[in-house]
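K.L.:
Listed in order, the protein sequences are those of chains A and B. Start counting the first sequence at 1; every next residue gets the next number (the numbering used here). Start counting the second sequence at 1001; every next residue gets the next number (the numbering used here).
The hints are simulated quantities; they were obtained by calculation from the structure and are not laboratory data. A couple of the hints might just be wrong.
With a Cα cut of at most 16 angstroms, we get these calculated EDC-like pairs of lysine to aspartate or glutamate [said to hold, decoys possible]:
id : chain 1 : residue 1 : chain 2 : residue 2
1  : A       : 51        : A       : 31
2  : A       : 12        : B       : 1134
3  : B       : 1063      : A       : 60
4  : B       : 1059      : A       : 31
5  : B       : 1059      : A       : 60
6  : A       : 51        : B       : 1143
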Amino acid sequence: MKILYFAWLREKVGVAQEELTVPAQVRTVGDLALWLGQRSAGHAAAFANAKLVRCAINQEFAGVETPIAGAAEIAFFPPVTGG
Amino acid sequence: MRRVLVQAQAFDPGAELARLGDAATGGIASFIGIVRVGHSEARRVRALVLEHYPGMTEKALEKLAEEAQARWVLTGCTVIHRMGRLLPGEAIVFVAAASAHRGAALQAVGFLIDGLKTNAPFWKAEEFEDGTREWVAARAEDEDAASAWKV
């Protein structure tokens, strides 16, 4: 599964993307955020405040409860600030 | 006509408006966002750096423009958003809608710019005169403005 990071999440994690094999018990976006948060000190800092983290599955916004099964690309990023 | 662009280079608002005008169009409404220097004298903004999610951004903007065309009878609709490093005074975003009637054009522009603020994956970082850089935090008002349209 391809995981992408943007803006300050990318800076805290230290990479823009990583290819990971996610364990079967990690079922939802929320589960994945918790699991990723344990990967390194950088990941922990990026995912420390769940309220500031948004997600997209296959380039569509996804909520915390959204299942991740079958997803090719999952992105984590701060609330958007365009315009 | 639907025109959606994400680009680093500047756009020409006059040329964009001209594209939307034809005999079927009664009027064109538009909004242009400009990079501000900021409020604080001590920390003036030197530049704005825009990051986005290539692929998802284009899809999100297309979807928003499509939605505007489904809600209002428009003869055309344009959304252009810039990315990369922009200086104060530069235009960052352009939204325009053309219709036989002003109401539809004006409302569609409001919908597009409010929707864009919360639905398109862009992130701004402010670069200050003192050399420091900070990510801009999202504003709750933007969320409220977008939800008023039930996007």
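K.L.:
Give a verdict on every hint.
P.N.:
Okay, the hints, checked on the actual structure:
1. 51(A) - 31(A): Holds. Residue 51(A) to residue 31(A) sits at ~14 angstroms (cutoff 16 angstroms).
2. 12(A) - 1134(B): Satisfied, since the Cα-Cα distance of roughly 13 angstroms is no more than 16 angstroms.
3. 1063(B) - 60(A): holds, 11 angstroms
4. 1059(B) - 31(A): violated, 26 angstroms
5. 1059(B) - 60(A): The hint holds at about 9 angstroms.
6. 51(A) - 1143(B): Holds, because 14 angstroms separates the two Cα atoms, which is no more than 16 angstroms.
When held up to the earlier numbered hints, the structure conflicts with hint 4 and nothing else.
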